[in-house]
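2 protein chains.
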Amino acid sequence: MSNEPVALDHALSTFDALWSPRVITQVNDYDVRVAKVEGEHVWHVHEHTDEFFLVLRGELDIALRDADGERHVTLPRGSVFTVPRGTEHKPSAPDGAAILMFEPTGTLSVGDRHEDVPSHVDVTPGHAL
Amino acid sequence: MSNEPVALDHALSTFDALWSPRVITQVNDYDVRVAKVEGEHVWHVHEHTDEFFLVLRGELDIALRDADGERHVTLPRGSVFTVPRGTEHKPSAPDGAAILMFEPTGTLSVGDRHEDVPSHVDVTPGHAL
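Chains A and B are the protein sequences, given in the same order. Per the UniProt record's numbering, the first sequence starts with residue 1, numbered consecutively. Per the UniProt record's numbering, the second sequence starts with residue 1, numbered consecutively.
These are computed hints drawn from the structure, not numbers from a lab. Some clues are possibly wrong.
If chains are identical, the list can't say which one is meant, so a pair holds when it fits in one copy or spans any two.
Computed list of lysine to any residue pairs in SDA-like fashion (alpha-carbon distance at most 25 Å, straight line) [as the list claims (entries may be wrong)]:
{"id": "1", "residue 1": "Lys-90", "residue 2": "Asp-31"}
{"id": "2", "residue 1": "Lys-90", "residue 2": "Val-45"}
{"id": "3", "residue 1": "Lys-90", "residue 2": "Ala-63"}
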């Protein structure tokens with residue numbers, strides 16, 4: 001991976017696939033990934049890592065199940081949220097969104113446990129840009 | 001730290017200090033920080049960690065010294081760059097900028113080695129929002 005600045009708009013223009021993250025740079029043993037999303041992802045959990053979301057375009061909803069039951073958070077463009085490790089979550093974006101994520105390199109898009117994965121969700125640790 | 005979404009515009013509206021990062025969320029043992037910057041930071045190096053920059057407003061310049069000599073990269077709004085560990089660097093923003101950073105919790109704003117720190121640069125591992 002060359003070490004030059006990456007324009008997020010350009011990175012997002014290089015692919016169309018939904019729910020299929022691209023690695024735009026690495027920070028130590030973490031990836032910075034961007035993804036285009038629309039519709040629903042799947043309930044899943046990362047047992048060993050938190051997962052950071054920044055909404056670049058559109059609006060992202062994240063449903064969460066934790067000790068207090070089920071809730072959801074809404075992230076408009078320009079907002080951030082960290083899903084704590086061990087928390088079942090399901091991102092969705094009825095009207096589409098583009099997001100940036102931080103997570104350890106190798107983290108699977110569907111976590112360590114997940115419901116059945118429909119064909120529109122890419123099971124991946126992230127693709128090269 | 002409560003676990004609710006954080007709007008970056010709101011976070012940036014809560015402080016005016018320049019070169020004085022605020023921690024907006026944590027991801028495992030990493031901080032996500034935002035800062036307002038204008039003018040020049042100092043030459044410094046993080047010996048043990050990469051440092052990620054995302055430009056939220058304005059334009060950031062980062063001067064770099066590595067094995068190939070000195071160069072600089074320009075990051076317009078909406079672009080990202082990772083300074084590799086061990087690379088001397090000096091951020092600057094003649095016209096002002098707002099940036100988001102991702103680095104291990106505890107990482108000092110002036111790194112492990114740095115030139116004399118002028119009064120306009122805050123030596124900090126990041127303040128609470």
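Do the hints match the structure? See the list:
1. When the C-alpha separation of Lys-90 and Asp-31 is checked against a cutoff of 25 Å, the pair qualifies both within a copy, at 20 Å, and between copies, at 24 Å.
2. In this assembly of identical chains, Lys-90 and Val-45 lie within 25 Å of each other by CA distance solely inside one copy; the values are 9 Å within and 39 Å between copies.
3. In this assembly of identical chains, the alpha carbons of Lys-90 and Ala-63 lie at most 25 Å apart only when taken from the same copy (5 Å versus 41 Å across copies).
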